[in-house]
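Q: Sequence:
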Amino acid sequence: MSTSSVPATGSADRDLRAFIAGLPKAELHVHHVGSASPRIVSELAARHRDSKVPSDPEALAEYFTFTDFAHFIEVYLSVVDLIRTPEDVRLLTYEVARDLARQQVRYAELTLTPFSSTRRGIDERAFMEAIEDARKSAEAEFGTVLRWCFDIPGEAGLQSAEETVRLATDDRIRPEGLVSFGLGGPEIGVPRPQFKPFFDRAIAAGLRSVPHSGETTGPQSVWDALNELGAERIGHGTSSAQDPALLAHLAERRIPLEVCPTSNIATRAVRTLDEHPLRQFQQAGVLITINSDDPPMFGTDLNNEYAVAARLLDLDERGVADLAKNAVEASFLDAAGKARLAAEIDTYTTGRLAG
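Residue numbering for the sequence shown follows the UniProt record's numbering, beginning at 1 and increasing consecutively.
Hints are computed from structural coordinates only; laboratory data are not their basis.
If you're wondering where the values come from, they're calculated on a predicted model, not measured in any experiment.
The reader is advised that the hints may include incorrect statements.
[Said to hold, decoys possible] In silico SDA-like pairs for lysine to any residue, Cα to Cα no more than 20 Å straight-line:
#1 52 <-> 120
#2 196 <-> 172
#3 136 <-> 95
Let's have the full structure, built from the sequences with the hints guiding it.
A: Right under this line is the structure:
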């Protein structure tokens, strides 16, 4: 490589990152508590000084360094414990929307775990009112549309599943913005099939099925999510790359994977970015969406995840725009909403490339 080509490469990378920063986007796999910025975590930790979560932003960066997936869950739950009042819920939700809007996220399906809040004493109706008030205010002020996924914290067992499906299906409590039903937490020792009755109830109530699977376990957990839980999208699905038949099934049925590259490295689900199966998913024809999962905890955001994906997949601006349109296609927006957002992506891309 000649020395003159080095600045060009750097310039091209900056240009692509600038394109990504302005690109209208949808995000489908991002967690409510996991999206709490260091500023918000610090404020909540200062409110609740009995917590072991540090309120100093520099100490927080060290606190958010994970040794493995189990350690990540431990740290995650300690942040969950900072959400103790409806005011905490409202603050967090509104500020997450603000951060999404800064990244030009027009639509996001935010994963919430209401069981974690109600079991800590937050009244269930007050919880629903807090998230809905934040959702409506954020849409009016920032233009970002939020929708909810209620997920079961798998580590809390079947009691949490029963409580989550009750909150998700009771018309007297269920929030207007709820669109889907999920399953998170550790996968090892938490088999997917045991949650089938709860997903059946959620699906019967009109919710869409989006469980995490195949992040820290093998491809069989993805098959179980599809066959037992009626999954329409798969959260992570990293180990799907180990099973060619599964990849072919996902591609043929157009079942999207919610891919979160930096998260997979931070939790040690994948050793390095260069070993990430994103390329295999693309080569197999699987519908890929790019997401940030728990961005502040992993030192990332959605814009950075698109830049990572662009490098791994060798994408130019049009390729990145197509990736953004994958998320629109895989979303639970209505047809008109999908058409509007896809058109906005096209208009932005055409304008940037023409300029």
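Q: Starting from residue 196, check that the Cα of residue 172 is at most 20 Å away, please.
A: violated (24 Å)
Q: Please work out if residue 136 and residue 95 have their alpha carbons no farther apart than 20 Å.
A: Roughly 13 Å between the alpha carbons, so the hint for residue 136 and residue 95 holds.
Q: Regarding the pair residue 52 and residue 120, is the alpha-carbon distance no greater than 20 Å?
A: holds (16 Å)
Comparing the model with each earlier hint shows a violation of hint 2 alone; every other hint is respected.
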